[in-house]
Amino acid sequence: NAGVMQNPRHLVRRRGQEARLRCSPMKGHSHVYWYRQLPEEGLKFMVYLQKENIIDESGMPKERFSAEFPKEGPSILRIQQVVRGDSAAYFCASSPSDRTGGTDTQYFGPGTRLTVL
Amino acid sequence: DQQVKQNSPSLSVQEGRISILNCDYTNSMFDYFLWYKKYPAEGPTFLISISSIKDKNEDGRFTVFLNKSAKHLSLHIVPSQPGDSAVYFCAASAMEYGNKLVFGAGTILRVKS
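From first to last, the protein sequence lines stand for chains A and B. According to this note's numbering, the first sequence is numbered sequentially starting from 252. According to this note's numbering, the second sequence is numbered sequentially starting from 3.
One thing to keep in mind: the hints can contain errors.
[Claimed, not checked] Listed next, the in silico PhoX-like pairs over lysine-lysine satisfying Cα-Cα at most 20 Å (straight line): (1) K114(B) to K39(B); (2) K7(B) to K39(B); (3) K58(B) to K39(B); (4) K295(A) to K7(B); (5) K39(B) to K295(A); (6) K58(B) to K70(B).
[Unchecked claim] Covered stretches of chain A, going by a simulated chain B footprint (3 or more residues, C-beta under 8 Å): (7) 283-296; (8) 315-328; (9) 357-363.
Since the hints were derived computationally from the structure, they do not count as laboratory data. Note that the structure is a prediction, hence the values are computed from the model and not measured. Where a beta carbon is used, it is the ideal one built from N, C-alpha and C, also for glycine.
For reference, chain A alone in the conformation it holds in the complex (with noise of 0.2 Å):
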């Protein structure tokens, strides 16, 4: 009974190095969000992702920022040239169908806490 897997959990990186975090979605799942949670904050959508096309990236940061889902492997999310404003826990979610298919309830992985010094 997998859910949502990610990881690293945890990713500790320097100003200016690369952040790599994935995500695997739950299986018959073909649907990938990601969000992000600054301290004291609820979580903020940043993108959406089916099997190889990004349809939605409004909540993605126009620079530095990216994310790809793979026809084979996981999805990622890409930080390059982190800065200190980028320490957040980032949450992947999964859902089956988009909401033409009814309800579309997402389900989470356990989180990347990135902390970058």
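Please build the complex by placing chain B on the supplied structure of chain A, with the hints as guidance.
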């Protein structure tokens, strides 16, 4: 622009009593609402949801009520248990905006034994 608001940062309830967590929203396009529970250092866990065509949904000890005219929903937990102590997030989505969820800031629930 906070479209989903949870105005109570924290709530303390005695074990066995009812916990009521509130959530207000401003965007009338929202048509699907969810409650998630989150423990420290873990991801949010889905609890219960409600579509805008309903005004109540129940699942065991958890009931969600939706008042569309007031743009308000609430989560009732009866009876409350110490294991319910966590942060509770309200979230909303709109068919117009695709699948993205808009979250409130969360309410910390403490259930005292």
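Now for the hints, and whether the structure bears them out:
1. K114(B) to K39(B): holds (17 Å)
2. K7(B) to K39(B): holds (16 Å)
3. K58(B) to K39(B): holds (19 Å)
4. K295(A) to K7(B): The given pair, whose Cα atoms are some 13 Å apart, holds under the 20 Å limit.
5. K39(B) to K295(A): Cα-Cα ~16 Å, so holds.
6. K58(B) to K70(B): Given pair K58(B), K70(B) holds - Cα atoms ~11 Å apart, limit 20 Å.
7. 283-296: holds (count 8)
8. 315-328: Violated, because only 0 residues of the segment 315-328 of chain A bring their Cβ atoms closer than 8 Å to Cβ atoms of chain B.
9. 357-363: holds (count 6)
Checked against the numbered hints given earlier, the structure breaks only hint 8 and satisfies all the rest.
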